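Enquirer: Let the hints inform the model, and build the full structure from the sequences given.
Numbers 1 to 92, taken from the working numbering, label the letters of the sequence shown in order.
In short, the hints are calculated from the structure, not lab data.
Keep in mind the model is a prediction, meaning the values are calculated, not measured.
Positions of the beta carbon are idealized from the N, C-alpha and C atoms, including for glycine.
Hints should not be assumed to be uniformly reliable.
[Unchecked claim] Computed spacing ranges between beta-carbons, pair by pair:
| hint | residue 1 | residue 2 | range |
| --- | --- | --- | --- |
| 1 | Asp59 | Ala39 | 26 to 32 Å |
| 2 | Asp85 | Thr35 | 29 to 35 Å |
| 3 | Gln18 | Ile84 | 28 to 34 Å |
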Amino acid sequence: MEKQEIKLTFEVHCEGAQGESYRLYLGKDLLTERTWRWAPNQTYLREVAPLKLPRGEYDLRVERVEPATAVFTLDNLTAEGARIDNHRIIVE
1 MEKQEIKLTF EVHCEGAQGE SYRLYLGKDL LTERTWRWAP NQTYLREVAP
51 LKLPRGEYDL RVERVEPATA VFTLDNLTAE GARIDNHRII VE
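Expert: So, in structure tokens, the structure goes:
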């Protein structure tokens, strides 16, 4: 199956403590696990993920790594080479 090049860009925001960790998933696949090293509520992290994906729909989600208590959210999601519907990437 042919794969398309997608440039995924989004912001990760943190409400909680410095040093908390989060994981980013695209569908069922883990993209990355990171530890928040910046002052929460003042800074966000802009992620750029170059991907090669076959046609389909992929949900982007963030989850905290236990025992973290922070709340991580995603914002301003764009995808060059694909469509976005909420946090779903649609590759046609």
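Enquirer: 28 to 34 Å was suggested as the range; check whether the CB atoms of Gln18 and Ile84 agree with it.
Expert: For Gln18 and Ile84 the Cβ distance comes to about 30 Å; the hint holds.
Enquirer: Mind checking the hinted window 29 to 35 Å against the Cβ distance between Asp85 and Thr35?
Expert: 30 Å, holds
Enquirer: Asp59 and Ala39, beta-carbon distance inside 26 to 32 Å?
Expert: Given range 26 to 32 Å: holds, Cβ gap about 29 Å.
Hint compliance for this structure: every hint is met.
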